[in-house]
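Enquirer: Produce the entire structure from the sequences given, and follow the hints as far as they go.
Sequences listed follow chains A and B, in order. Under my numbering, the first residue of the first sequence is numbered 1, with each subsequent residue one higher. Under my numbering, the first residue of the second sequence is numbered 1, with each subsequent residue one higher.
Just so you know, the hints here were simulated from the structure itself, not pulled from any lab data. Be aware that one or more of the hints could be misleading.
[Said to hold, decoys possible] A short list of chain B residues far from chain A (calculated; beta carbon distances all over 12 Å):
no. : residue
1   : Phe40
2   : Ile104
3   : Pro146
4   : Leu149
[What the hints assert, rightly or not] Which chain B residues stay away from chain A? Per the calculated CB distances, all over 12 Å, these:
no. : residue
5   : Leu12
6   : Trp60
7   : Gly63
8   : Val65
9   : Trp145
[What the hints assert, rightly or not] Footprint (simulated), chain A over chain B, 3 or more residues, beta carbon under 8 Å:
no. : segment
10  : 48–59
11  : 83–93
Glycine residues also receive a C-beta, built at the ideal position from the N, C-alpha and C atoms.
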Amino acid sequence: MELLNNLAIGFEAAFTLKTLAYCLLGTVLGTLIGVLPGIGPIATIALLLPVTYALEPVTALIMLAGIYYGAQYGGSTTAILVNLPGESSSVVTMIDGYQMARRGRAGPALTAAAVSSFIAGCLATVVIAGFAPPLAEVALRFGPWEYFALMVVGLVGAVVLAHGSVLKAIAMIVLGLILGLVGADVNSGVARFTLGFPQLADGIGFIIIAMGIIAMAEIIGNLQRVERREVYTDGVPSLFPTREDWRRLLPASLRGTILGSVLGLLPGGGTSLASFSAYSLEKKIADYPERFGKGAIEGVASPEAANNAASQTSFIPMLTLGIPSNAVMALMIGAMTIHNIQPGPEVMTKNPELFWGLIVSMWIGNVMLVIMNLPLVGIWIKLLKAPYRFMFPAIMMFSAIGIYSVNGSTFDIVMTAAFGLLGFLLMKLGCEPAPLLLGFILGPMMEENLRRAMSLARGDATTFLTRPVSASLLAVAVFLLIVVALPALKRKREEIFQE
Amino acid sequence: MTKHQDALAGGLFILIGAATSLSALGYALGTMRRMGPGYFPLVLGLVLTGIGVTLVAQAWHRGAVGTPIEWGSIRPLAFVLGGLAFFGLTLTELGFVLANILFIGVTSYAGREFRWHETVVLSLALTVMAALVFIVGLKLQIPLWPAILGL
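Expert: Dropping the structure here:
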């Protein structure tokens with residue numbers, strides 16, 4: 001059994017005391033920041049990324065994965081207890097989770113979220129272990145044409161699945177691509193768009209973009225909002241769901257897992273789409289749909305399972321193709337590059353400990369979240385009650401030190417402030433930042449592949465259409481764009497995001 | 001019309017797109033076969049400008065209809081980013097201790113509720129903790145004290 005063999009490599013890499021410790025640290029820190037209302041997983045990862053720089057690549061990635069799951073989980077906790085979504089995917093959890101909390105059933109709601117996330121985590125790990133190797137094998141045969149086409153599909157996917165205006169999402173991607181161009185050109189060495197700053201010769205650090213455009217804008221946005229936080233429950237009386245709860249919870253989490261695993265694979269897909277769709281599915285097949293919105297446990301279990309499954313399977317395109325399918329994966333790729341790992345199909349063969357270690361640690365991270373977070377609920381509640389006026393200066397300080405620690409450059413700190421201004425502006429103009437981050441990471445890769453492809457084909461652009469794989473990928477991209485532009489489907493898409 | 005999100009966003013995209021295309025012309029464009037450093041940026045800049053123009057045109061067409069921009073209070077924006085920029089600009093000269101105390105002080109003022117005594121305690125506590133963890137513990141290369149003291 002090759003699968004078992006591979007998993008054994010992974011367990012060996014992940015089951016060292018040090019790795020386990022960092023995985024634990026990652027999940028705790030991730031939950032800690034993720035619990036804070038208004039700070040989503042992208043911002044959380046960006047804020048905590050510098051912590052992982054000093055670590056070995058395997059440990060760093062495992063810790064980052066832990067941070068990611070922790071942040072997701074923290075977001076659901078906030079959604080259930082305070083009725084404030086920590087991130088977009090827990091908006092759905094909020095609907096029934098908060099209603100359960102108001103009816104004194106915060107405990108079962110939290111348990112439902114934890115258990116269904118855990119179930120999804122276990123199954124999605126198996127999905128990754130099964131699907132990633134064959135996909136990586138196919139990807140090894142890809143040339144620059146296929147890669148370019150794949151990235152186009154990925155970006156188009158991000159547009160299709162972005163909230164709000166399609167046009168603005170495309171603009172944000174292009175803006176990200178442009179920002180990615182700053183720095184020395186790989187082929188000619190010409191310094192582009194450096195505005196005369198020698199510090200920009202190596203390009204803009206992606207941590208600066210992520211911190212400035214996403215985290216800073218989120219912090220400012222939080223401070224602007226009038227705070228009206230009601231933390232329900234002083235303590236959580238009982239964590240245990242009733243037998244009836246279990247009967248509803250388990251099948252719902254399985255349905256959520258399956259749906260989430262599939263949606264996580266889509267380019268641009270990810271957790272929000274997964275949890276939204278899971279919620280609508282549950283509502284559609286429920287025997288009494290009117291219970292939804294009034295504290296139905298399936299309304300918590302299924303979306304939570306779906307978003308956890310999706311957050312895991314979205315690692316598949318990243319690990320096998322080196323192409324991020326969403327902003328979180330773009331951050332992961334950035335982190336890998338910092339550790340000198342070129343993401344792509346070779347990672348699995350060249351770095352099997354890293355590849356399988358990461359996969360196994362996903363499962364370990366899920367185990368830790370369940371055994372740790374339920375008992376620690378009391379602490380998270382206390383943290384939720386801590387006034388934001390103490391929290392945000394601390395967050396700001398850690399961000400500033402974090403940015404500085406990457407290159408030991410104060411210029412980077414000032415630049416983050418400048419991007420914070422841009423991020424604020426874009427936020428106020430209703431432009432989603434996630435596609436920008438995706439474009440930023442993909443920009444240099446796209447340009448390089450395009451130029452290589454064109455030079456190999458002697459300037460003949462039709463090669464993209466004569467190679468079957470790239471042609472069909474581009475056809476998919478065009479098809480998706482047409483679909484989005486059709487008025488009937490446009491309305492349908494708006495409806496989905498409305499719900 | 002200028003009060004609406006799409007119109008202003010379009011304007012911003014036109015500005016950035018045009019600037020990108022114009023400066024891309026300053027680099028070698030190359031040919032389709034051997035693309036120069038200016039080729040890809042030129043195309044991207046034109047695309048962004050095009051989207052910007054479309055957004056503005058749509059907003060024009062809609063007239064008064066559109067999502068208005070809510071700028072909100074300017075205070076968080078000014079003090080969060082101002083504090084951060086200040087920290088970056090003064091860190092080397094002032095050293096971590098002084099720069100950080102001032103940074104936390106300035107940043108705290110971004111919040112609606114600002115209390116002097118709380119901020120003093122918070123900035124001192126955070127500075128001591130961070131200095132111990134990052135500079136003493138993790139040995140990050142940041143000067144602790146003002147450069148002028150020569151410590």
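Enquirer: Hint by hint, note whether the structure agrees.
Expert: Hints versus structure:
| no. | hint | verdict |
| --- | --- | --- |
| 1 | Phe40 | violated, 5 Å |
| 2 | Ile104 | violated, 5 Å |
| 3 | Pro146 | holds, 15 Å |
| 4 | Leu149 | holds, 19 Å |
| 5 | Leu12 | violated, 7 Å |
| 6 | Trp60 | holds, 14 Å |
| 7 | Gly63 | holds, 18 Å |
| 8 | Val65 | holds, 14 Å |
| 9 | Trp145 | holds, 16 Å |
| 10 | 48–59 | holds (count 6) |
| 11 | 83–93 | holds (count 8) |
The structure shown violates the earlier hints numbered 1, 2, 5.
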